[in-house]
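Participant: The listed protein sequences correspond, in order, to chains S and D. The opening residue of the first sequence carries number 62 in our numbering; numbering runs sequentially from there. The opening residue of the second sequence carries number 143 in our numbering; numbering runs sequentially from there.
A few of these clues could be false.
Below, in silico cross-link-like pairs of lysine to any residue (SDA-like), each with a Cα-Cα straight-line distance of 20 Å or less [unchecked claim]:
hint: 1; chain 1: S; residue 1: LYS470; chain 2: D; residue 2: GLY198
hint: 2; chain 1: S; residue 1: LYS141; chain 2: S; residue 2: ALA347
hint: 3; chain 1: D; residue 1: LYS156; chain 2: S; residue 2: MET434
hint: 4; chain 1: D; residue 1: LYS156; chain 2: S; residue 2: GLY389
hint: 5; chain 1: S; residue 1: LYS470; chain 2: D; residue 2: HIS157
hint: 6; chain 1: S; residue 1: LYS470; chain 2: D; residue 2: LYS248
hint: 7; chain 1: S; residue 1: LYS470; chain 2: D; residue 2: ASN150
hint: 8; chain 1: D; residue 1: LYS248; chain 2: D; residue 2: GLU271
hint: 9; chain 1: S; residue 1: LYS470; chain 2: D; residue 2: TYR147
hint: 10; chain 1: D; residue 1: LYS156; chain 2: S; residue 2: ASP408
hint: 11; chain 1: D; residue 1: LYS156; chain 2: S; residue 2: ALA474
hint: 12; chain 1: D; residue 1: LYS248; chain 2: S; residue 2: ASP420
hint: 13; chain 1: S; residue 1: LYS141; chain 2: S; residue 2: THR345
hint: 14; chain 1: D; residue 1: LYS248; chain 2: S; residue 2: MET434
hint: 15; chain 1: D; residue 1: LYS156; chain 2: D; residue 2: GLY220
hint: 16; chain 1: D; residue 1: LYS248; chain 2: S; residue 2: CYS432
hint: 17; chain 1: D; residue 1: LYS156; chain 2: D; residue 2: ASP145
hint: 18; chain 1: D; residue 1: LYS156; chain 2: S; residue 2: THR345
So these bits of chain S aren't anywhere near chain D, every CB distance computed over 12 Å [what the hints assert, rightly or not]:
hint: 19; residue: ALA150
hint: 20; residue: PRO152
hint: 21; residue: LEU208
hint: 22; residue: LEU214
hint: 23; residue: LEU337
hint: 24; residue: ALA343
hint: 25; residue: TYR379
hint: 26; residue: ILE410
hint: 27; residue: ASP460
hint: 28; residue: ARG468
It is worth saying that the hints were derived from the structure and are not from the lab. Where a beta carbon is used, it is the ideal one built from N, C-alpha and C, also for glycine.
One-letter residues, chain by chain:
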Amino acid sequence: MTDPIFPYDIATVRADFPVLHQEHHPGTPLVFLDNAASSQKPAAVIDAMSTYYRQSHANVHRGIHKLSEEATAAYEGARKKVQRFIHAASPREIIFTRGTTESINLVAQTWGRATLGPGDVVLATVMEHHANIVPWQMLAQEKGFSLQYVPLLPDGTLNLEVYRRWLHELPVKLVTVMHGSNVLGTVNPVAHMARLAHEAGALILVDGAQSVPHMPVDVQALDCDFLAFSGHKMAAPTGVGVLYGKRALLEAMPPWMGGGDMISRVTLAGSTWNELPYKFEAGTPAIAEVIGLGVAVDYLSALGMENIHRQEQLITRYALERLSEIPGVTVYGQAEQRGAVAAFTVDGIHAHDVAQMLDADGIAVRAGHHCAMPLHDLLSLPATARASFYLYNTPAEVDALVTALYRAKQAFA
Amino acid sequence: MYDMYRENILDHAKHMRNHGLLDPNDFDHEEHNPLCGDTLHLTLRLDADGIIREVGWEGSGCAISQASASMLGERLIGMSLADAKALNRQYVLDLIGFPLTMNRVKCALLSLKTLVVGAYGHEHWITIEDRDEA
Ligand SMILES: Cc1ncc(COP(=O)(O)O)c(C=O)c1O
């Protein structure tokens with residue numbers, strides 16, 4: 062890549078991520094291109110969790126002693142950081158979960174269970190991750206509503222004509238759609254889709270697992286009713302994620318899990334629910350992980366989400382260019398608005414074997430259906446290999462990927 | 143790790159032995175690996191004594207899973223179905239002949255899983271997996 066105009070110095074950023082400074086085997090550096098599955102963590106996040114356990118661990122919301130106060134302040138401080146990060150109107154709209162999957166299940170099991178019944182339609186899309194299909198299938202089986210999937214155009218974008226028509230013709234109660242595709246890379250026009258959904262009297266849930274880590278996301282500008290995302294894909298630890306919901310909706314929703322922290326008053330005859338967000342946070346939460354998420358949000362904000370997005374767009378465009386030069390390599394998804402993902406196949410070599418051979422050259426990619434089996438069925442592909450980028454990836458790493466792919470092709474020739 | 147693609151694996155993956163389904167047959171079962179979507183469809187013909195005389199299979203998947211089906215298929219011929227059903231994980235891993243990473247073990251074992259589940263049912267396969275991993 063000649064003279065790239067990167068918005069920040071990648072070498073400085075890479076120095077913050079301990080995992081990146083290792084050799085896969087002697088003489089071969091690790092090239093980590095599996096970021097859509099989970100990103101690496103900067104030292105600041107790892108240290109914050111360690112410091113918490115070394116100096117101020119205690120349960121939150123339950124003690125009047127010093128450590129519990131410190132832990133509670135750090136935990137609630139992280140909630141405010143997340144609120145500002147996604148531009149939510151109130152910290153009460155930020156519910157900590159285990160991740161995107163749990164966030165979506167929470168909406169299905171509370172709002173969905175209380176609202177949906179025979180005759181209703183939930184509108185998803187064929188490109189959804191299993192996390193945004195299966196919870197609705199499970200509930201549909203129980204409650205008897207119908208689940209429909211917006212189809213794709215050949216370039217890997219949603220067929221918005223069909224979307225608009227179905228919103229008019231069908232009794233749609235909820236639209237549930239991914240913001241960024243983890244396979245095709247497509248960034249869906251969720252602000253536009255939200256406007257259409259609301260005009261038709263439906264709510265919209267946005268799966269932000271592949272957008273919140275990579276670009277500025279403003280829930281009030283998008284006007285989405287729910288947003289789900291995972292910490293581990295955005296430089297934060299595993300085991301923590303977020304459900305954002307509009308306050309009025311969350312207030313009206315019944316709780317999901319019962320237990321400590323989520324109650325206002327418990328008698329043997331019955332209980333009343335705590336206020337938001339605690340109503341949806343039963344039991345001792347992942348305190349260290351939430352604190353880690355808060356520090357990750359600080360880290361991303363310091364770099365600037367606009368800058369991160371620009372950086373990733375440059376790397377992704379370069380990767381798509383170089384991959385398309387290789388004979389026999391097909392990249393899937395040609396959307397104009399595209400995230401940092403390149404799913405591809407190599408003629409004559411199964412995706413697993415591609416990934417295994419790349420691993421031999423120190424390059425981590427993922428192979429399989431990427432939790433999007435319906436999408437792979439549509440593309441008539443059993444599996445794809447996927448290179449996915451984050452804020453620390455370099456053009457040289459893309460070059461290493463391309464060189465290794467030529468080597469793999471040689472071995473199978 | 144290019145070791146994994148030594149000659150015998152690539153040879154079996156490229157030149158699959160006993161490829162193609164048998165019809166009619168005495169055993170017919172298809173399995174898939176839920177982790178990666180690899181599939182294997184295995185058919186067998188037995189003689190009057192219960193000895194496997196012909197093997198036919200089709201599948202889609204990586205070189206390891208396909209080579210394992212090809213290798214296991216060769217060994218099944220001449221074996222009694224009863225003996226074949228008693229094969230364990232290690233038998234197949236020995237056929238592959240070099241250590242596999244944990245995720246790839248599943249690929250290699252799809253052939254055995256298809257045989258065992260077809261013969262005994264899924265519960266039995268889980269028992270074998272749990273026992274060998276313990
Ligand atoms: C688009 C999308 N949705 C949902 C998920 C599920 O996220 P998690 O496994 O963190 O709950 C993922 C990640 O695997 C994803 O890429």
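Participant: Hint by hint, note whether the structure agrees.
Facilitator: Now for the hints, and whether the structure bears them out:
no., hint, result
1, LYS470(S) <-> GLY198(D), "violated, 29 Å"
2, LYS141(S) <-> ALA347(S), "holds, 16 Å"
3, LYS156(D) <-> MET434(S), "violated, 26 Å"
4, LYS156(D) <-> GLY389(S), "holds, 18 Å"
5, LYS470(S) <-> HIS157(D), "holds, 18 Å"
6, LYS470(S) <-> LYS248(D), "violated, 24 Å"
7, LYS470(S) <-> ASN150(D), "holds, 18 Å"
8, LYS248(D) <-> GLU271(D), "holds, 10 Å"
9, LYS470(S) <-> TYR147(D), "holds, 12 Å"
10, LYS156(D) <-> ASP408(S), "holds, 14 Å"
11, LYS156(D) <-> ALA474(S), "holds, 10 Å"
12, LYS248(D) <-> ASP420(S), "holds, 18 Å"
13, LYS141(S) <-> THR345(S), "holds, 19 Å"
14, LYS248(D) <-> MET434(S), "holds, 19 Å"
15, LYS156(D) <-> GLY220(D), "violated, 24 Å"
16, LYS248(D) <-> CYS432(S), "holds, 18 Å"
17, LYS156(D) <-> ASP145(D), "holds, 17 Å"
18, LYS156(D) <-> THR345(S), "violated, 54 Å"
19, ALA150, "holds, 41 Å"
20, PRO152, "holds, 39 Å"
21, LEU208, "holds, 21 Å"
22, LEU214, "holds, 25 Å"
23, LEU337, "holds, 38 Å"
24, ALA343, "holds, 31 Å"
25, TYR379, "holds, 27 Å"
26, ILE410, "violated, 8 Å"
27, ASP460, "holds, 20 Å"
28, ARG468, "violated, 9 Å"
The structure does not agree with the numbered hints 1, 3, 6, 15, 18, 26 and 28 stated previously, though it agrees with the rest.
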